[in-house]
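Mapping of the sequence shown onto my numbering: position 43 corresponds to residue 57, and the numbering continues sequentially without gaps.
Treat the hints loosely; a few may be bogus.
Said to hold, decoys possible - Straight line, CA to CA, 30 Å or less: simulated DSS-like cross-link-like pairs of lysine-lysine:
{"hint": "1", "residue 1": "Lys252", "residue 2": "Lys294"}
{"hint": "2", "residue 1": "Lys151", "residue 2": "Lys173"}
{"hint": "3", "residue 1": "Lys90", "residue 2": "Lys225"}
{"hint": "4", "residue 1": "Lys409", "residue 2": "Lys294"}
{"hint": "5", "residue 1": "Lys79", "residue 2": "Lys173"}
{"hint": "6", "residue 1": "Lys195", "residue 2": "Lys173"}
{"hint": "7", "residue 1": "Lys79", "residue 2": "Lys90"}
{"hint": "8", "residue 1": "Lys151", "residue 2": "Lys195"}
{"hint": "9", "residue 1": "Lys225", "residue 2": "Lys191"}
{"hint": "10", "residue 1": "Lys409", "residue 2": "Lys252"}
{"hint": "11", "residue 1": "Lys225", "residue 2": "Lys173"}
{"hint": "12", "residue 1": "Lys173", "residue 2": "Lys191"}
{"hint": "13", "residue 1": "Lys195", "residue 2": "Lys225"}
{"hint": "14", "residue 1": "Lys225", "residue 2": "Lys235"}
{"hint": "15", "residue 1": "Lys235", "residue 2": "Lys195"}
{"hint": "16", "residue 1": "Lys151", "residue 2": "Lys90"}
{"hint": "17", "residue 1": "Lys191", "residue 2": "Lys151"}
{"hint": "18", "residue 1": "Lys235", "residue 2": "Lys191"}
{"hint": "19", "residue 1": "Lys151", "residue 2": "Lys225"}
The hints are simulated quantities; they were obtained by calculation from the structure and are not laboratory data.
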Amino acid sequence: MTINAKNIGMKKEIICIIMVLGMAVATHAQTNPQPGYIITNENDTIWGTIDYLSDFQNQRACLFKADGAQTYREYKPADISGYRLSTSGIFYVTRTFVIGDAERAVFAEYLLQGGVSLYYARDVHTQYYFWVDEDGKTARMVYDGERSNLSSDDRQLRKSRIIEVSQLLGRSAEAQKRLWKTNYSASDLIDLTREYDETYCTDAGDCIQFKSDTKKRTGLKVRLRVEAGVDFNTVRNKHYTGENWIETSCTYPYFGIGADLNLPRFSRLLNLETLLKIDKKSGSHEEVDYLKKVTSMHFEYYDLELQLGLAVRFLPNSMVRPFVRGGLSVNEMLGIKTENMEHYKIGRHEQDFRTRLGMGYYVGIGADISVKGHTIRIAGNYVTHNNDDMAILTKSRAFSVGIGFCF
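Could you put the whole structure together from the sequences, leaning on the hints where they help?
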């Protein structure tokens, strides 16, 4: 009897310990409270606090406590149309997708809304990405481990899934190429899908990425380019007290590096562009007026030019995209030496050329041609500058034809 009493006492102690632990677990079950809201099936919004757990748990149920309520309530995908965290922007919506081998209603994370939208879901071991176009057509990509750990059958199945998605994004060879190189990260697939939408699904409006990413780029797209071509130059000089301009022409190659900057959320057609180019200018000329006054000119220098302006592009979804451009141009006359610039004479007076900063403008037309994810640019421009100092006035203009490569 004594032994039984002791056993009963121990059992009671164990039960008490279990109850205390259970209460502690229940008390601390709310491990990650986040402000947010749910969206009812009637499209009403109710604000409160969400217990934000793991990806797997979040897609199965939403634990939500409305503002003013004392307890949390569990919602299944059939109960509400979605829920969202107001701080991070993470958004879950009720969707029916194939998870594993069967269709299931889940809270799928809404990664990107656009002409082609992107969703994410998972089960215990596998991650799923779903692309849905405007017609409701769905493609699925499955990630269940590194390729090296997969059987041949699993690798073949993964290949077929990539083909399925690439067909949905079939208007972009670049998107299809990137799919085969994906690291299956959400950020990589969001960027890939957004770029596809911004190029081929413009009628659907701007893309919306719901999750806030503090490391996410501002949306500014920068493309570098190298360029080369030919300048057909005309240079005119005169003394500031003179009446006659001395004009000569020269043709030289030019080389340049530049960048195109674009904010797709602001405009997909308007680009800010810049180009730093250099070419050579040289020439000699002599004139004798009716009073037999001789005015001669000899010049040789390198012209460093910086262009900054805007380009408006047309037919953004086409392989060949024409554009018009224009902007400001600043130039500096480099390498001017006394021995080759001192021969500018007005009558008997001799004036030295000086290194002078010039101002002007440029206008042009051209076309961008897509080639395997990069861009070949062909353009023609008209550029003019005024370089003035206290003695010599210089006006130059050039027609240029060039070809560039953007990457």
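Evaluation of the provided hints:
no.: 1; hint: Lys252 <-> Lys294; in the structure: holds (20 Å)
no.: 2; hint: Lys151 <-> Lys173; in the structure: holds (19 Å)
no.: 3; hint: Lys90 <-> Lys225; in the structure: holds (22 Å)
no.: 4; hint: Lys409 <-> Lys294; in the structure: holds (15 Å)
no.: 5; hint: Lys79 <-> Lys173; in the structure: violated (43 Å)
no.: 6; hint: Lys195 <-> Lys173; in the structure: holds (12 Å)
no.: 7; hint: Lys79 <-> Lys90; in the structure: holds (14 Å)
no.: 8; hint: Lys151 <-> Lys195; in the structure: holds (23 Å)
no.: 9; hint: Lys225 <-> Lys191; in the structure: holds (26 Å)
no.: 10; hint: Lys409 <-> Lys252; in the structure: holds (9 Å)
no.: 11; hint: Lys225 <-> Lys173; in the structure: holds (29 Å)
no.: 12; hint: Lys173 <-> Lys191; in the structure: holds (13 Å)
no.: 13; hint: Lys195 <-> Lys225; in the structure: holds (24 Å)
no.: 14; hint: Lys225 <-> Lys235; in the structure: holds (20 Å)
no.: 15; hint: Lys235 <-> Lys195; in the structure: holds (21 Å)
no.: 16; hint: Lys151 <-> Lys90; in the structure: holds (25 Å)
no.: 17; hint: Lys191 <-> Lys151; in the structure: holds (21 Å)
no.: 18; hint: Lys235 <-> Lys191; in the structure: holds (20 Å)
no.: 19; hint: Lys151 <-> Lys225; in the structure: holds (24 Å)
Of the hints listed earlier, the one the structure fails to meet is number 5.
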